[in-house]
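Colleague: Chains A and B, in that order, give the protein sequences.
According to UniProt numbering, the stretch in the first sequence is residues 1 to 287, in order.
According to UniProt numbering, the stretch in the second sequence is residues 1 to 813, in order.
No lab work stands behind these hints: they were computed from the structure.
Take the hints with a grain of salt, since some may be wrong.
As the list claims (entries may be wrong) - Distance condition first, Cα-Cα at most 20 Å in a straight line; then the derived EDC-like pairs of lysine to aspartate or glutamate: (1) B:K208 / A:E153; (2) B:K299 / A:E284; (3) B:K768 / B:D740; (4) B:K209 / A:E284; (5) B:K720 / B:E813; (6) B:K629 / B:E785; (7) B:K404 / B:D416; (8) B:K751 / B:D740; (9) B:K299 / A:D192; (10) B:K720 / B:E785; (11) B:K443 / B:D429; (12) B:K208 / A:E120; (13) B:K208 / A:E63; (14) B:K69 / B:D39; (15) B:K400 / B:E680; (16) B:K299 / A:E153; (17) B:K50 / A:E284; (18) B:K210 / A:E63; (19) B:K299 / A:E63; (20) B:K443 / B:E465; (21) B:K531 / B:E564; (22) B:K598 / B:E616; (23) B:K77 / B:E26; (24) B:K720 / B:D788.
To be verified - Residues from chain A shown here face chain B by an in silico Cβ test under 8 Å; the list is partial: (25) D35; (26) M44; (27) K47; (28) R83.
Where is the CB? At the ideal position from N, CA and C, for every residue including glycine.
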Amino acid sequence: MADRRRINGPPGSTMPPVFEDDAGQPEVKSGKGRDRAPTAIRKMFLKTGVTPSASGSAYLEFEKSNKSDVSGLKLSCTVHGPRSLPRSSPFSPHIVLSAHVKYAPFATKQRRGYLRDPSERDLGTHLETALRGAIIADRWPKSGVDIIISIIEGDQDREASKSQGDETWDMMNALSGCITVASAALADAGIDCVDTVAGGVAALVQDAGDDSTPRIVVDPIPSEHEKVLGACCIAYLPTRDEVTNLWFKGDLPASDAGLYTQLVENGIQASRNANRVLVECLGETTS
Amino acid sequence: MSRHRAVRNLDYDEVMDEFEENLEEEEENRLLMEQGVADVRDALGAEAAKVTKTQIEEALWHYYYDVDKSVTYLTTKFINPPQPKAPKPAAPKPTGKFIIPLQAMLPHELQDSLHWAEDNRDGLGGRASRLTGFRQDHVGFRVPGSSPSYPLPPVCLSTHFHDMPWGNIPKGRESILIPPVVPRCGLLGGSGAPPKMTKLQALAAARKKKAQEKTSEQEVEQTRTQMTGLSVSSTPTQKENTPLSGAFSKRLKTSSSTAQGRVPIIPTEPRSESEQSVEPITKEPEVVAEPVQVPPVKKAQPSAFAQTLFGGPTPTFTIQQDVVTLGLAPSVLEAFSKPSPDDIVLAAQAKAGKKPPAGQTKKSKLSTTNSVTSSVAELKIDDTPLPKSRNLNVLSEFEKSTQKKNASFVVVGHVDAGKSTMMGRLLLDLNVVDQRTVEKLRKEAHMIGKSSFALAWVLDQRTEERSRGVTIDIATNRFETDTTAFTILDAPGHRDFIPNMIAGASQADFAVLVVDASTGAFESGLKGQTKEHSLLIRSMGVSRIIVAVNKLDMVNWSQERFDEIKDQVSGFLSATGFQKKNIAFVPVSGLHGDNIVKRSENPAVAWYTGPTLIEELELSEPSARAMEKPLRINVAEVFRTQQSQVTVSGRVDAGSLQMGDAVLVQPATEKAFVKSLLVEDAPADWAVAGQSVVLHLSHIDPIHVRSGDIICDPNKPIPKEKTFNLKALAFDFLMPMQVDVHRGRLHAAGKITAMPALLDKVTGAVTKKNPRLVKPGQVARVRVELDDQVPLEAGQRVVLRSGGETIAAGLLE
Numbered sequence: 001m002a003d004r005r006r007i008n009g010p011p012g013s014t015m016p017p018v019f020e021d022d023a024g025q026p027e028v029k030s031g032k033g034r035d036r037a038p039t040a041i042r043k044m045f046l047k048t049g050v051t052p053s054a055s056g057s058a059y060l061e062f063e064k065s066n067k068s069d070v071s072g073l074k075l076s077c078t079v080h081g082p083r084s085l086p087r088s089s090p091f092s093p094h095i096v097l098s099a100h101v102k103y104a105p106f107a108t109k110q111r112r113g114y115l116r117d118p119s120e121r122d123l124g125t126h127l128e129t130a131l132r133g134a135i136i137a138d139r140w141p142k143s144g145v146d147i148i149i150s151i152i153e154g155d156q157d158r159e160a161s162k163s164q165g166d167e168t169w170d171m172m173n174a175l176s177g178c179i180t181v182a183s184a185a186l187a188d189a190g191i192d193c194v195d196t197v198a199g200g201v202a203a204l205v206q207d208a209g210d211d212s213t214p215r216i217v218v219d220p221i222p223s224e225h226e227k228v229l230g231a232c233c234i235a236y237l238p239t240r241d242e243v244t245n246l247w248f249k250g251d252l253p254a255s256d257a258g259l260y261t262q263l264v265e266n267g268i269q270a271s272r273n274a275n276r277v278l279v280e281c282l283g284e285t286t287s
Numbered sequence: 001m002s003r004h005r006a007v008r009n010l011d012y013d014e015v016m017d018e019f020e021e022n023l024e025e026e027e028e029n030r031l032l033m034e035q036g037v038a039d040v041r042d043a044l045g046a047e048a049a050k051v052t053k054t055q056i057e058e059a060l061w062h063y064y065y066d067v068d069k070s071v072t073y074l075t076t077k078f079i080n081p082p083q084p085k086a087p088k089p090a091a092p093k094p095t096g097k098f099i100i101p102l103q104a105m106l107p108h109e110l111q112d113s114l115h116w117a118e119d120n121r122d123g124l125g126g127r128a129s130r131l132t133g134f135r136q137d138h139v140g141f142r143v144p145g146s147s148p149s150y151p152l153p154p155v156c157l158s159t160h161f162h163d164m165p166w167g168n169i170p171k172g173r174e175s176i177l178i179p180p181v182v183p184r185c186g187l188l189g190g191s192g193a194p195p196k197m198t199k200l201q202a203l204a205a206a207r208k209k210k211a212q213e214k215t216s217e218q219e220v221e222q223t224r225t226q227m228t229g230l231s232v233s234s235t236p237t238q239k240e241n242t243p244l245s246g247a248f249s250k251r252l253k254t255s256s257s258t259a260q261g262r263v264p265i266i267p268t269e270p271r272s273e274s275e276q277s278v279e280p281i282t283k284e285p286e287v288v289a290e291p292v293q294v295p296p297v298k299k300a301q302p303s304a305f306a307q308t309l310f311g312g313p314t315p316t317f318t319i320q321q322d323v324v325t326l327g328l329a330p331s332v333l334e335a336f337s338k339p340s341p342d343d344i345v346l347a348a349q350a351k352a353g354k355k356p357p358a359g360q361t362k363k364s365k366l367s368t369t370n371s372v373t374s375s376v377a378e379l380k381i382d383d384t385p386l387p388k389s390r391n392l393n394v395l396s397e398f399e400k401s402t403q404k405k406n407a408s409f410v411v412v413g414h415v416d417a418g419k420s421t422m423m424g425r426l427l428l429d430l431n432v433v434d435q436r437t438v439e440k441l442r443k444e445a446h447m448i449g450k451s452s453f454a455l456a457w458v459l460d461q462r463t464e465e466r467s468r469g470v471t472i473d474i475a476t477n478r479f480e481t482d483t484t485a486f487t488i489l490d491a492p493g494h495r496d497f498i499p500n501m502i503a504g505a506s507q508a509d510f511a512v513l514v515v516d517a518s519t520g521a522f523e524s525g526l527k528g529q530t531k532e533h534s535l536l537i538r539s540m541g542v543s544r545i546i547v548a549v550n551k552l553d554m555v556n557w558s559q560e561r562f563d564e565i566k567d568q569v570s571g572f573l574s575a576t577g578f579q580k581k582n583i584a585f586v587p588v589s590g591l592h593g594d595n596i597v598k599r600s601e602n603p604a605v606a607w608y609t610g611p612t613l614i615e616e617l618e619l620s621e622p623s624a625r626a627m628e629k630p631l632r633i634n635v636a637e638v639f640r641t642q643q644s645q646v647t648v649s650g651r652v653d654a655g656s657l658q659m660g661d662a663v664l665v666q667p668a669t670e671k672a673f674v675k676s677l678l679v680e681d682a683p684a685d686w687a688v689a690g691q692s693v694v695l696h697l698s699h700i701d702p703i704h705v706r707s708g709d710i711i712c713d714p715n716k717p718i719p720k721e722k723t724f725n726l727k728a729l730a731f732d733f734l735m736p737m738q739v740d741v742h743r744g745r746l747h748a749a750g751k752i753t754a755m756p757a758l759l760d761k762v763t764g765a766v767t768k769k770n771p772r773l774v775k776p777g778q779v780a781r782v783r784v785e786l787d788d789q790v791p792l793e794a795g796q797r798v799v800l801r802s803g804g805e806t807i808a809a810g811l812l813e
């Protein structure tokens with residue numbers, strides 16, 4: 001029950017209401033839309049070996065969108081392990097993977113708690129699934145590896161009070177980033193994987209404007225579009241041509257099955273692009 | 001009134017009525033809506049097919065069932081729009097249900113003046129925040145859980161905050177913020193510029209670096225070609241459209257043709273080396289996957305945050321002078337442009353502190369270099385003394401010290417000749433032991449019926465010695481006269497303990513031979529140990545001998561008896577090899593103390609005018625000390641003390657040592673350090689040859705040190721021998737036989753393997769080669785082989801015994 005004795009401030013940040021003084025003012029949306037090609041993902045900066053105390057670590061950030069006020073996603077991942085399982089745990093012939101994703105309290109517009117909320121746990125589960133397909137798990141029996149990702153900054157439009165429903169779509173982008181950065185950190189830790197797994201997001205969006213037809217874009221920023229109709233996040237192994245994790249969200253008409261296929265395809269493409277950055281980064285480290 | 005009662009008294013009917021009223025209102029609205037839709041459809045006529053029911057309802061709702069307005073709106077929006085258009089290609093699904101919003105209850109004025117957004121569901125804050133334009137075209141395509149994002153209309157903020165510029169701040173009003181110049185380091189703790197590495201990481205990095213260096217030129221070339229290949233592959237249009245061959249492309253084909261339910265696969269760039277070298281396969285050019293244009297992905301530059309985190313290239317700040325010194329007078333600026341007075345003073349002090357004359361530095365440097373090189377050349381790591389060592393020059397210390405002469409003598413003689421009693425008397429009379437101790441001993445001796453042994457017990461302290469009344473092992477004691485510090489070595493007279501006597505004799509400078517003057521005893525002694533002992537001490541190298549004719553009181557101080565004994569003994573001693581001048585005779589009574597320290601007051605001894613025993617001892621010059629020779633200490637005893645687990649006592653035979661020295665223990669060949677040492681039972685810093693010392697050793701295990709070992713200089717260690725040649729004087733018949741070799745405390749089993757020559761006693765010339773037998777009294781060269789290695793050195797004197805008899809004594813060659 002809320003504390004009634006004192007006046008509590010709102011849990012999130014608020015913006016002062018700005019009233020429309022002129023009803024007839026034309027809507028101008030320049031400078032807010034997407035300026036990238038529909039198949040282009042944002043530029044990424046990836047660096048491994050950032051945390052000395054961890055077995056492996058990586059830092060990933062997306063380029064700041066220059067059109068909107070969306071700051072880029074910033075992730076840091078640490079991998080601890082492989083280390084022996086505690087005595088209490090039962091025997092495991094494979095490596096026991098545990099992935100934790102946590103938003104920093106200041107990462108999003110809505111302040112996050114210190115404990116993991118269901119959405120973060122959800123991300124962790126997805127991440128674990130994505131990585132499990134990449135790790136050669138039976139090389140380390142009786143051992144465990146902890147993958148801990150902290151989202152330092154989510155890619156949200158912090159300025160406006162408008163895009164309140166975007167959090168669910170932001171999770172997609174966050175997950176794809178998590179997958180990529182975790183893969184880099186695993187490689188940094190020297191844990192054997194069949195391939196580097198990278199995440200990619202494709203979404204069916206509707207842009208503002210009268211002539212807008214829904215279109216498929218990769219790496220969507222929800223605030224750049226009028227509406228996100230559906231999105232899918234894909235974890236993809238390029239050399240093996242395998243998808244380790246697929247997360248679909250949205251409300252697409254069931255009649256057009258091709259739409260799903262296109263979304264997945266674009267998602268794969270996005271993840272492949274992300275993978276290229278990943279491979280380049282790992283190559284820099286080793287060379 | 002309590003809450004419970006309030007609840008109890010709640011009028012349910014009233015509440016239900018209110019609810020029904022609400023329902024009635026909704027019903028009314030629905031009827032109105034249906035009516036309105038019918039009206040609009042009528043008004044539109046044929047055009048009515050172009051609009052859906054939902055759209056009509058929507059319009060009606062927003063114009064509050066105003067049919068005319070709705071018709072106009074619908075006509076302009078859907079029927080005769082600039083471009084009328086089907087709502088969605090994805091077949092917009094009517095939501096099916098119409099939500100009757102709460103706004104129905106709002107005042108009508110507000111509803112008229114504002115266009116309400118349809119979506120008001122999400123959040124309480126939405127009502128206030130979504131005062132944006134009404135957009136008809138989005139109705140009906142909603143995704144649950146998401147709300148359409150409407151960008152803010154371009155509200156002219158400057159009208160609201162016309163005094164305070166929000167953006168577009170004129171240059172003049174902008175404040176200049178200078179970010180602090182942070183040191184180049186990571187945020188994650190640590191102080192160094194690069195992120196701190198763990199030891200393992202450092203190791204891995206080093207190894208990586210090494211491996212990197214190893215890569216040959218060829219590999220570099222290979223990598224370069226790969227890199228060019230990569231750059232080609234990254235051009236998307238070319239590569240992405242290149243399909244792969246085989247099953248993979250077939251799969252691709254099906255997927256692209258069927259498209260439904262299958263994910264079309266776009267070929268990847270080849271990753272592995274072998275694949276890279278393969279040319280792009282263009283067998284099936286017709287199979288073209290989705291022509292997805294992928295721009296090349298470039299890595300983004302790290303953001304300011306990342307740069308700070310990893311200590312990347314910090315942006316250079318150009319601090320403008322005028323910004324910093326805003327509003328400061330030029331004189332103030334001037335003052336800070338030069339070093340401060342404090343700086344000047346400190347610099348001057350630092351300069352003055354370390355300014356030696358230039359010439360001197362050079363010279364001293366040169367000399368120090370020379371001395372360093374020479375000292376380095378002399379350096380031996382092996383025997384570096386412990387830091388405790390004072391590095392004394394022991395010999396010069398010895399010269400400086402004004403010590404008394406040091407002499408040790410061994411007391412030998414036949415069993416029961418009164419050696420121990422005489423020594424006890426000597427010590428008593430010299431007040432080394434006090435009267436009370438002797439009284440106590442006397443009482444104890446009386447108890448077991450041996451009251452005459454009381455003085456002997458001063459030296460014989462073992463219970464076995466006391467009960468048997470014989471000395472078993474050497475007893476050492478010390479006393480000092482005005483000129484000399486003496487060490488008494490009281491040797492056992494019994495024939496069974498000859499090895500112990502040998503040990504004592506080896507430490508002695510001269511000997512006191514005690515002869516029992518009583519009738520019969522002297523004669524038996526001369527055949528027994530008197531003879532053997534004198535032979536032994538002579539062969540041990542003792543040249544001076546004082547013969548104390550004891551127990552003369554038993555024969556009433558008869559001068560005849562004394563002379564008789566003197567004649568016999570001197571004759572015998574001369575035959576043994578003692579020189580006449582080195583033999584002295586003193587008539588004494590050990591039990592009563594006549595002529596020992598004090599001259600006898602008995603008138604019966606008036607005939608003797610010579611020196612007393614103690615005077616005779618003082619006359620004896622100790623033999624020359626071999627101080628310059630390398631260190632040799634015969635270990636007499638090994639025991640434990642609090643100072644050290646390994647404490648050894650013995651006599652320094654040759655050389656010198658000091659505290660902290662490294663020594664070598666033979667035959668174990670173990671190194672040890674002298675922790676501290678006692679000379680004559682007093683702590684000392686050094687010791688020289690001739691002194692009896694107690695050494696506290698460190699850095700050695702007790703199992704390596706045994707009595708009979710030799711402690712020596714580690715640089716000039718005593719050699720360990722298994723076979724040696726001996727110039728031996730035979731006391732018995734010698735032939736190749738088993739013998740015991742005695743040297744001091746050491747005794748080792750061995751055998752005579754050969755007797756190469758018989759030698760002349762005086763000249764040492766070979767008289768006969770390879771004798772079969774060596775007769776008693778003959779001198780021969782004998783070869784002895786030992787069972788074990790034993791530290792032996794040329795010039796040492798050893799005794800050969802066999803079957804409890806001394807058969808030979810001699811000098812090592």
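Colleague: If a hint holds in the structure, say so; if it does not, say that too.
Modeller: Each hint, compared with the structure:
1. A hinted pair counts as satisfied when its Cα atoms are at most 20 Å apart, and B:K208 with A:E153 does not qualify at roughly 34 Å.
2. Under the criterion of a C-alpha separation no larger than 20 Å, the hint pairing B:K299 with A:E284 is consistent with the structure, at around 12 Å.
3. Proximity of B:K768 to B:D740 is assessed by CA-CA distance (about 25 Å); at most 20 Å being required, the pair is judged violated.
4. Restraint check: the Cα-Cα separation between B:K209 and A:E284 comes to about 14 Å, which is no more than 20 Å; the hinted pair holds.
5. A threshold of 20 Å between alpha carbons decides the hint, and for B:K720 with B:E813 the separation of about 14 Å falls inside it, so the pair holds.
6. At roughly 27 Å between alpha-carbon atoms, B:K629 and B:E785 are farther apart than 20 Å, so this suggested pair is violated.
7. With a C-alpha separation of about 33 Å, the suggested pairing of B:K404 with B:D416 is violated against the 20 Å cut-off.
8. Taken as a hint, the B:K751 and B:D740 pair is honoured in the structure, with Cα atoms around 8 Å apart against an allowance of 20 Å.
9. This hinted pair does not check out: B:K299 and A:D192 have alpha carbons roughly 25 Å apart, beyond 20 Å.
10. This hinted pair checks out: B:K720 and B:E785 have alpha carbons roughly 12 Å apart, not beyond 20 Å.
11. At most 20 Å may separate the alpha-carbon atoms for a hinted pair to count; B:K443 and B:D429 meet this at roughly 19 Å.
12. With a C-alpha separation of about 37 Å, the suggested pairing of B:K208 with A:E120 is violated against the 20 Å cut-off.
13. Pair hint B:K208 plus A:E63 does not hold up; C-alpha atoms about 31 Å apart against a cutoff of 20 Å.
14. A threshold of 20 Å between alpha carbons decides the hint, and for B:K69 with B:D39 the separation of about 12 Å falls inside it, so the pair holds.
15. Under the criterion of a C-alpha separation no larger than 20 Å, the hint pairing B:K400 with B:E680 is consistent with the structure, at around 18 Å.
16. This hinted pair checks out: B:K299 and A:E153 have alpha carbons roughly 19 Å apart, not beyond 20 Å.
17. Of the supplied pair hints, the one linking B:K50 and A:E284 is violated, its CA atoms being roughly 61 Å apart against a limit of 20 Å.
18. About 35 Å separates the Cα atoms of B:K210 and A:E63, which puts this hinted pair outside 20 Å; it is violated.
19. A distance of roughly 9 Å separates the Cα atoms of B:K299 and A:E63; the hinted pair therefore holds under the 20 Å criterion.
20. Restraint check for B:K443 and B:E465: the C-alpha separation of about 17 Å stays at or below 20 Å, so the hint holds.
21. A distance of roughly 16 Å separates the Cα atoms of B:K531 and B:E564; the hinted pair therefore holds under the 20 Å criterion.
22. Straight-line distance between C-alpha atoms of B:K598 and B:E616 comes to about 12 Å, which keeps the hinted pair within the 20 Å bound.
23. Between the alpha carbons of B:K77 and B:E26 the distance comes to roughly 28 Å, so the proposed pair goes past 20 Å and is violated.
24. As the CA atoms of B:K720 and B:D788 are separated by approximately 9 Å, the hinted pair is consistent with the 20 Å bound.
25. Taking 8 Å as the C-beta contact cut-off toward chain B, the hint placing A:D35 at the interface is violated, the least distance being around 13 Å.
26. Checking A:M44 against chain B: minimum C-beta separation of about 6 Å stays under 8 Å; hint holds.
27. Given the 8 Å rule on beta carbons, the hint for A:K47 holds: about 6 Å separates it from the nearest Cβ of chain B.
28. Using the Cβ-Cβ criterion of 8 Å, the hint placing A:R83 at the interface with chain B is not satisfied: the shortest such distance is roughly 14 Å.
Hints 1, 3, 6, 7, 9, 12, 13, 17, 18, 23, 25, 28 from the list above are not met by this structure, while the remaining hints are.
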